Amino acid sequence: KAGVTQTPRYLIKTRGQQVTLSCSPISGHRSVSWYQQTPGQGLQFLFEYFSETQRNKGNFPGRFSGRQFSNSRSEMNVSTLELGDSALYLCASSGGQGFSEAFFGQGTRLTVV
Amino acid sequence: GENVEQHPSTLSVQEGDSAVIKCTYSDSASNYFPWYKQELGKRPQLIIDIRSNVGEKKDQRIAVTLNKTAKHFSLHITETQPEDSAVYFCPLGGNQAGTALIFGKGTTLSVSS
Numbered sequence: 001k002a003g004v005t006q007t008p009r010y011l012i013k014t015r016g017q018q019v020t021l022s023c024s025p026i027s028g029h030r031s032v033s034w035y036q037q038t039p040g041q042g043l044q045f046l047f048e049y050f051s052e053t054q055r056n057k058g059n060f061p062g063r064f065s066g067r068q069f070s071n072s073r074s075e076m077n078v079s080t081l082e083l084g085d086s087a088l089y090l091c092a093s094s095g096g097q098g099f100s101e102a103f104f105g106q107g108t109r110l111t112v113v
Numbered sequence: 114g115e116n117v118e119q120h121p122s123t124l125s126v127q128e129g130d131s132a133v134i135k136c137t138y139s140d141s142a143s144n145y146f147p148w149y150k151q152e153l154g155k156r157p158q159l160i161i162d163i164r165s166n167v168g169e170k171k172d173q174r175i176a177v178t179l180n181k182t183a184k185h186f187s188l189h190i191t192e193t194q195p196e197d198s199a200v201y202f203c204p205l206g207g208n209q210a211g212t213a214l215i216f217g218k219g220t221t222l223s224v225s226s
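Protein sequences, first through last, are from chains A and B.
Residues in the first sequence are numbered from 1 upward in steps of one, following my numbering.
Residues in the second sequence are numbered from 114 upward in steps of one, following my numbering.
Just so you know, the hints here were simulated from the structure itself, not pulled from any lab data.
Note that the coordinates shown come from a computational prediction; the quantities given were computed from them, not determined experimentally.
Backbone N, C-alpha and C fix where the C-beta goes; we use that ideal spot for every residue, glycine too.
Be aware that one or more of the hints could be misleading.
As the list claims (entries may be wrong) - PhoX-like, lysine-lysine: derived pairs with alpha carbons at most 25 angstroms apart:
| # | chain 1 | residue 1 | chain 2 | residue 2 |
| --- | --- | --- | --- | --- |
| 1 | B | Lys218 | A | Lys57 |
| 2 | B | Lys184 | A | Lys57 |
| 3 | B | Lys135 | B | Lys184 |
| 4 | B | Lys218 | B | Lys135 |
| 5 | B | Lys155 | A | Lys13 |
To be verified - If you only want the chain A side, here are some residues facing chain B, beta carbon under 10 angstroms, derived:
| # | residue |
| --- | --- |
| 6 | Val4 |
| 7 | His29 |
| 8 | Tyr35 |
| 9 | Phe45 |
| 10 | Phe50 |
| 11 | Asn56 |
| 12 | Lys57 |
| 13 | Cys91 |
| 14 | Glu101 |
| 15 | Gln106 |
Could you put the whole structure together from the sequences, leaning on the hints where they help?
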């Protein structure tokens with residue numbers, strides 16, 4: 001069974017640009033969440049999608065957005081990039097029905113210059 | 114909103130010693146208490162979890178105890194080994210199934226041989 005796959009693994013962008021990250025969950029999983037990990041702030045929850053609907057949202061500005069497709073794959077978009085957006089972005093998936101393990105992808109390392 | 118605090122933030126032990134990490138939370142509606150381990154450069158992985166109707170759970174060298182009245186739960190690692198060195202997180206899973214986890218700052222455990 002394939003794990004959670006995130007693409008790309010590494011990304012370098014310039015301030016002001018926008019970026020789209022992709023997450024393919026484990027087959028059959030309907031819940032996908034996104035997290036930002038930085039040395040200073042730790043792991044912070046961005047948002048969760050379940051069956052193409054945003055179900056939960058963290059405390060991030062509107063520049064951070066996401067969506068989920070009918071096949072449960074999810075994308076995250078960051079517009080007008082700032083230097084402080086440099087981070088490891090992780091996504092996680094689970095079945096979403098009943099408490100169960102959230103499986104994390106390997107992450108996308110975004111560097112904003 | 115939900116909040117979780119971990120103590121200590123760093124913990125150094127000798128191989129073979131025991132390690133205990135404690136988490137306190139504020140949301141009494143939380144029903145699911147997982148523990149994640151993140152080794153350097155790797156993704157977070159679930160090591161053990163407990164539901165609110167269970168007071169203790171054990172899996173080989175690791176155990177988790179839950180005190181819902183006092184709103185704290187703890188991770189116990191016995192006979193620590195160098196490969197236990199990692200950052201440990203006790204995110205809150207809330208009262209809704211899925212991947213929306215609220216993480217604290219984590220505890221960095223170092224096991225020296």
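message: Check the structure against each numbered hint from earlier and tell me which ones fail, lowest number first.
response: none
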